[in-house]
Amino acid sequence: MKRNANTIGTFLLLALVLLLLPTSWGDRLRFVSWLPIAVFASDEPPGAEAADAMHAYQLLQRIGELEARLDLASRYDSVEQPSPMISARIFLRGDSSAWRRSAYINLGSDHYLAEGMAVADRHGLLGLVAKVFPRYSRLTLLTDPAVKVRASVETDPAGSDHRTDPGLQGPERFFGTVEAEPDGSLYLRSIPIGTVVKPGDPVFSSGLGGALPRGIPIGVVLAVHTNTNGLTQQVRLRPLAHLLSAESVVVFLQQPFVLDGNDLPEPSP
Amino acid sequence: MTRRHGGAIAFSVALALVQMMAAPKLRLWGAHPDLLFCTMLFFALTARPAPALAAAWALGLLKSIGSAGTFGFDSLLFVGLTAGVLLIRNLLYVSHPLSQILLTLPLAFLTNIGYALQRVTEGSTLAAGPVAEHAAITAVYTAVATPWVFLIFALIVGVPPTVFQIRTPKGG
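Residue numbers (this note's numbering), protein chains in the order written: chain L, 1 to 269; chain R, 1001 to 1172.
Treat the hints with care, as some may be off.
20 Å max Cα-Cα, derived EDC-like pairs, lysine to aspartate or glutamate [claimed, not checked]:
#1 Lys131/L with Glu247/L
#2 Lys131/L with Glu1133/R
#3 Lys1025/R with Asp71/L
#4 Lys1025/R with Asp183/L
#5 Lys1025/R with Glu247/L
#6 Lys148/L with Glu1122/R
Calculated from the structure, these hints are not laboratory results.
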């Protein structure tokens, strides 16, 4: 019995050691673990030993991919607060915990990525950059409860008696925060009571707080619920991004990362 | 280390990869089974204390590598759970899949509450209702997967698949 207690104590101590390791050590171990897959998924040109036929085939593939990326980038020309973008590819999706939703992209601090940057697929906001490694980054997807995005819902109250300001014309915009529940369902919260929001109304990033560019599509309204406090309402959303199948994405390099300036951050070694 | 142990380790790593990459696509009401929890429970119930605790520590490490959570938290949780199971396992009857499910349910629920608390300490705002609901669904999903994981591990390790023989150490 005493020997068992000693064994249990030893392993609890070992587990505590892991927990108390500096964060950078844990991140380094994660980095080393996933690096082979990241390298495999990277856009490095084929080696000199590659056969000519294979080289030509890969170049054709690359041209097709670049054309697809060009198309993807042009979709965000309408983002109201212009932001430099960079194309990336998701090479790994998933998290071993049922409480988290993550994905990995093949760009990192070597490509000027930083934590908090927005990532979108061709349909809408996919998530935020949560951790940057030199050659790849981990995203926290929009449906993870850790992600909170300031957003606005656009609704057209034409023909309705509920216009907030009768003097205004066109669609009205109401601000709130997009958050997810542990099961991945998405909500726009803190919408003032009395505002008329209808199923099908679009939700965009608001740009408030400066963390994300304004105008990135996030989702559409599915249903509207009044909160128990009776002061605000929350809106259930359907995310537009293809969270389970997106491969090509763009990363919005928001301020202070100006690509044509002299204040570029130094890539980490 | 025998070939059987090697097989068990290889299968554990494979399960970790499945859990990370495939299980999220099999989400049911937002939850997916915790296959590494099932594996931890198998070793806690069938192996001698030291290997069971070593397996719990290593499985927790695997889970931490594949997760965005606090590094090492899974190892601490798994070692703690294994220690608890080691203390009571002689009282348990785990030869039937139903009893495996009934054992997994409360333990997996408590584990998931632990994960939720961890998220709260990281700054996430979680309401009690959705947390309990998600923990319960994940626990049910994990409990349903448990007999299958036990069966495969029993075949690899060589323990009879329907009657798990708990080896009590001498003097333990």
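Q: For the pair supplied as a hint, Lys1025/R and Asp183/L, confirm whether the alpha-carbon distance does not exceed 20 Å.
A: holds, 13 Å
Q. Under the criterion that the straight-line Cα-Cα distance not exceed 20 Å, is the pair Lys131/L, Glu247/L satisfied?
A. Holds, because 19 Å separates the two Cα atoms, which is no more than 20 Å.
Q. Do the alpha carbons of Lys148/L and Glu1122/R lie within 20 Å of each other, as the hint requires?
A. Holds, at roughly 14 Å.
Q.
Given the hinted pair Lys1025/R and Glu247/L, is their Cα-Cα distance within 20 Å?
A. holds, 15 Å
Q.
Please verify whether Lys131/L and Glu1133/R have alpha carbons no more than 20 Å apart.
A. violated, 29 Å
Q) Taking 20 Å as the top limit, are the C-alpha atoms of Lys1025/R and Asp71/L close enough? A) violated, 27 Å
Checked against the numbered hints given earlier, this structure breaks hints 2, 3; the rest are met.
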